[in-house]
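Peer 1: Sequence:
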Amino acid sequence: IENTLSEPNVALKLKTNDKESIDNALAEALEFLDLANEASVGKDDINAARKKLQRTVTRAFASLNR
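Once you know that position 42 of the sequence shown is 42 in the working numbering, the rest is easy, because the numbers rise by one and skip nothing.
For the record, the hints were derived by calculation from the structure and aren't laboratory data.
There could be a bad hint or two in this list.
[Claimed, not checked] In silico DSS-like cross-links for lysine-lysine, where the CA-CA straight-line distance does not exceed 27 Å:
hint, residue 1, residue 2
1, K43, K13
2, K19, K51
3, K15, K52
4, K52, K19
5, K13, K51
6, K51, K15
Model the full assembly from the supplied sequences, consistent with the hints where possible.
Peer 2: See the structure below:
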């Protein structure tokens, strides 16, 4: 996801809010993965963060085609 966001074509077309939303969702998902290694986060929490990231990325990239 980070590589895709840094591509010139995508970076120029993405709105600032979309990029910030993706960055926030990605940071949250990575945080849950780090905490999962310590066994303090459940599988449901990780799946919720993954789904949130997936929805955010899908919405942002869908706006590129408009």
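Peer 1: Now, for every hint given, state plainly whether the structure supports it.
Peer 2: Each hint, compared with the structure:
Under the criterion of a C-alpha separation no larger than 27 Å, the hint pairing K43 with K13 is inconsistent with the structure, at around 34 Å. For a cut-off of 27 Å, the pair hint linking K19 to K51 stands: about 17 Å separates their Cα positions. Proximity of K15 to K52 is assessed by CA-CA distance (about 18 Å); at most 27 Å being required, the pair is judged to hold. Of the pairs offered as hints, the one joining K52 and K19 holds, with about 14 Å between alpha carbons and a cut-off of 27 Å not exceeded.
Distance hint between K13 and K51 is fulfilled; the C-alpha atoms sit about 24 Å from each other, no more than 27 Å. The hinted pair formed by K51 and K15 meets the criterion: a straight-line CA distance of about 21 Å does not exceed 27 Å.
When the structure is compared with the earlier hints, a violation turns up for hint 1 alone.
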